[in-house]
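Enquirer: Generate the whole structure from the sequences, applying the supplied hints.
The working numbering numbers the first residue of the sequence shown as 237 and each following residue consecutively.
Just so you know, the hints here were simulated from the structure itself, not pulled from any lab data. Nothing here was measured: the structure is a model prediction, and the numbers come from that model. Don't be surprised by glycine CBs; every beta carbon is placed ideally from N, CA and C. Some clues are possibly wrong.
Claimed, not checked - Derived Cβ-Cβ restraints for the label pairs, each shown as a range:
id, residue 1, residue 2, range
1, K272, H334, 30 to 36 angstroms
2, S269, T388, 20 to 26 angstroms
3, F556, N340, 27 to 33 angstroms
4, S256, F395, 41 to 47 angstroms
5, G504, P366, 23 to 29 angstroms
6, I245, G510, 42 to 48 angstroms
7, I413, D387, 16 to 22 angstroms
8, S409, N340, 28 to 34 angstroms
9, S256, L465, 34 to 40 angstroms
What the hints assert, rightly or not - With a straight-line Cα cutoff of 20 angstroms, these simulated EDC-like cross-link-like pairs (lysine to aspartate or glutamate) come out:
id, residue 1, residue 2
10, K532, D495
11, K471, D449
12, K282, E480
13, K412, E453
14, K500, D449
15, K478, E401
16, K399, E456
17, K399, D449
18, K282, E299
19, K532, E552
20, K412, D383
21, K272, D387
22, K412, D396
23, K272, E299
24, K467, D495
25, K532, E480
26, K360, D273
27, K452, E480
28, K508, D495
29, K315, D331
30, K282, E401
31, K478, E552
32, K412, E401
33, K399, E453
34, K308, D331
35, K508, E480
36, K452, D387
37, K282, D383
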Amino acid sequence: MAFIPSPIIYNILSKLPVKSLARFKSLNKLYCSFIKDPHFINAHFKNHSVVHGDLCLILSCIEHQNLNNTSKIHFFTIKDNEHAMIEYSIPVSFDTYHILPSCNGLICFYGLHGSVHVCNPTTKTIVNLPNIDDDLQRFQSCGFGFDGINDTYKVIKIFDPHKIEIFTMVNGSWNKIWYTYSPCFGFQHHQPPVFANGVFYWYSISSSIVSFDIGKETFETISLPQSALNKDKYKLYLVELKGELCMVDMDFEDKKRVDIWIFKSNGGLWVKLGTIVHRSEPIDTTRPVGIKANKKEILLHGFIKGLGHLSCYNMETGGFRPINIKGFSLDYFHVSQHVETLFQVGD
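Expert: Structure representation (structure tokens):
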């Protein structure tokens with residue numbers, strides 16, 4: 237058998253899917269050591285975070301099992317024009333849960349009564365974050381993101397305008413921070429923040445955007461696009477597309493029109509990304525959740541006649557094409573763009 241140098245093996249393995257690597261772990265010690273190495277995990281993630289054509293999505297739904305007073309959260313992955321494949325099902329205590337968008341392949345979800353969890357659906361690992369024993373107060377907003385400055389994932393919980401708690405996954409502990417002044421008073425607490433480029437964003441009821449830098453742990457405010465200043469604040473919402481903050485403006489005078497703006501943080505300017513016009517029937521709500529690598533198609537998750545719906549909108553032709561989710565029958569689900577990762581959470 238011919239000898240293959242370790243760097244070549246390293247390079248080949250870093251391009252394989254996570255599920256294939258899981259089978260290699262039992263073949264020999266060299267493969268296993270590669271797959272567990274933090275540098276290899278980062279190299280593997282960088283290779284797979286480059287989306288070539290198809291979008292990889294993570295769909296999540298909550299199933300309540302009233303007979304035994306428990307719930308299950310199911311995670312499915314789907315690529316363009318493929319069957320939905322179940323990745324991971326997690327039994328959880330009976331509660332109302334909020335599921336945050338995928339961040340580098342990890343997903344955070346939290347319950348109404350304070351429990352916070354982070355999981356990797358691909359490796360089927362999960363960590364249940366500890367609570368601070370002396371603080372039973374319910375938090376108003378929760379976010380999850382990657383701190384590139386300190387190379388760690390963080391969870392942020394906001395209790396009121398002056399108090400937040402930050403959980404740092406690299407050391408597994410919460411840190412309380414008190415602010416004599418913060419601009420987060422008056423943001424829409426029922427909406428989780430949008431995370432993009434190391435910053436959390438909330439839409440404020442004072443017609444501005446509140447931002448929190450996860451690395452510097454500082455607040456700022458951002459002005460809305462000029463055309464949105466006089467719009468109904470409940471018809472505007474924020475999304476993340478390809479690592480950038482975007483604002484969606486639903487024109488409710490013409491329910492078939494949606495404007496999308498992208499925020500250029502390096503210049504502090506809003507640039508109009510495009511307008512989506514649905515020619516056939518009104519859309520109840522619609523949310524862009526991904527952009528294909530060619531930047532010509534935007535993936536939309538919305539509701540038409542009350543039922544969950546996925547479609548791609550071509551920015552050049554103005555045409556829609558539905559994404560048929562075979563193997564997935566639920567009408568209500570969360571969806572976000574996703575990438576597989578080897579990053580382990582929990583034990």
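Enquirer: Which hint numbers doesn't this structure obey?
Expert: Failing hints, ascending: 5, 8, 9, 11, 15, 18, 23, 29 and 30.
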